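Here the structure of chain A is known, so what remains is to put chain B in place on it, guided by the hints.
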Amino acid sequence: EAGVTQFPSHSVIEKGQTVTLRCDPISGHDNLYWYRRVMGKEIKFLLHFVKESKQDESGMPNNRFLAERTGGTYSTLKVQPAELEDSGVYFCASSQVTSSGTYNEQFFGPGTRLTVL
Amino acid sequence: LAKTTQPISMDSYEGQEVNITCSHNNIATNDYITWYQQFPSQGPRFIIQGYKTKVTNEVASLFIPADRKSSTLSLPRVSLSDTAVYYCLVGYGGATNKLIFGTGTLLAVQP
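Taken in sequence, the protein lines are chains A and B.
In terms of our numbering, the first sequence opens at residue 21 and continues consecutively.
In terms of our numbering, the second sequence opens at residue 662 and continues consecutively.
Everything labelled a hint here was simulated from the structure, so no lab data went into it.
Since this is a predicted model, take the numbers as computed values, not measurements.
Errors might be hidden in some of the hints.
[Stated by the list, open to error] In silico DSS-like links for lysine-lysine, alpha-carbon gap of 30 Å or less: (1) A:Lys-98 with A:Lys-61; (2) A:Lys-98 with B:Lys-713; (3) A:Lys-74 with A:Lys-35; (4) A:Lys-71 with B:Lys-730; (5) B:Lys-664 with B:Lys-713; (6) A:Lys-74 with A:Lys-98; (7) A:Lys-64 with A:Lys-74; (8) A:Lys-98 with A:Lys-64; (9) B:Lys-730 with B:Lys-713; (10) A:Lys-98 with A:Lys-35; (11) A:Lys-74 with A:Lys-61; (12) A:Lys-71 with A:Lys-98; (13) B:Lys-715 with A:Lys-64; (14) B:Lys-730 with A:Lys-61; (15) B:Lys-730 with A:Lys-64; (16) B:Lys-664 with B:Lys-715; (17) A:Lys-64 with A:Lys-35; (18) B:Lys-730 with B:Lys-664; (19) B:Lys-713 with A:Lys-35; (20) A:Lys-74 with B:Lys-730; (21) B:Lys-715 with B:Lys-730.
The following block holds chain A by itself, in its conformation from the complex (with noise of 0.2 Å):
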């Protein structure tokens, strides 16, 4: 089976520029999320998608960032216009819809990393 995928694995663009972040979740996974790493921080939560809803978008940064999940299937993630402090790893992560009281183990992708200049 697949595991999470992201595209493309690094990019490199000017502040002021727009950049687009893919992710492609584990067929069936339900819950999306996605979570960056800006250089000397710790992981932090960006989002989170059920299906194609947003659930919880309390980490995101601005209204710079622009996360879709059309049709629930996978993600976009766009930043427009980028900034200096937007560079970092952005990391997707999905895991199934589980029962309430049930551990829900997320499964994450190896990460974009995202340069600008």
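The following block gives chain B in isolation, referenced to the frame of chain A:
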């Protein structure tokens, strides 16, 4: 969500048993304790999860005392490939739980 404290780094040699302890003094009744492992250039990977006492799987063991204010991840006979960052996470094991990562422990295994 409970705050966790774990050592920043640890060194070990191949073949040794490694124990990484995590403190979580304000763990809530519903909280589970979960450990993730992260290799360079990869995303975190689930290792083990427990609620109380001891849990063992093919990779590691997790020891949780009765008061649940700390936990210890035990890796038996580590190898060079176990060099990674190990994260201790505490939170409710619900179906939609977002993960809150701390700084993790960098384990360096030497030959």
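Outcome of the hint check:
{"no.": "1", "hint": "A:Lys-98 with A:Lys-61", "in the structure": "21 Å, holds"}
{"no.": "2", "hint": "A:Lys-98 with B:Lys-713", "in the structure": "41 Å, violated"}
{"no.": "3", "hint": "A:Lys-74 with A:Lys-35", "in the structure": "28 Å, holds"}
{"no.": "4", "hint": "A:Lys-71 with B:Lys-730", "in the structure": "35 Å, violated"}
{"no.": "5", "hint": "B:Lys-664 with B:Lys-713", "in the structure": "18 Å, holds"}
{"no.": "6", "hint": "A:Lys-74 with A:Lys-98", "in the structure": "15 Å, holds"}
{"no.": "7", "hint": "A:Lys-64 with A:Lys-74", "in the structure": "17 Å, holds"}
{"no.": "8", "hint": "A:Lys-98 with A:Lys-64", "in the structure": "17 Å, holds"}
{"no.": "9", "hint": "B:Lys-730 with B:Lys-713", "in the structure": "10 Å, holds"}
{"no.": "10", "hint": "A:Lys-98 with A:Lys-35", "in the structure": "14 Å, holds"}
{"no.": "11", "hint": "A:Lys-74 with A:Lys-61", "in the structure": "25 Å, holds"}
{"no.": "12", "hint": "A:Lys-71 with A:Lys-98", "in the structure": "18 Å, holds"}
{"no.": "13", "hint": "B:Lys-715 with A:Lys-64", "in the structure": "29 Å, holds"}
{"no.": "14", "hint": "B:Lys-730 with A:Lys-61", "in the structure": "25 Å, holds"}
{"no.": "15", "hint": "B:Lys-730 with A:Lys-64", "in the structure": "24 Å, holds"}
{"no.": "16", "hint": "B:Lys-664 with B:Lys-715", "in the structure": "21 Å, holds"}
{"no.": "17", "hint": "A:Lys-64 with A:Lys-35", "in the structure": "22 Å, holds"}
{"no.": "18", "hint": "B:Lys-730 with B:Lys-664", "in the structure": "11 Å, holds"}
{"no.": "19", "hint": "B:Lys-713 with A:Lys-35", "in the structure": "49 Å, violated"}
{"no.": "20", "hint": "A:Lys-74 with B:Lys-730", "in the structure": "33 Å, violated"}
{"no.": "21", "hint": "B:Lys-715 with B:Lys-730", "in the structure": "14 Å, holds"}
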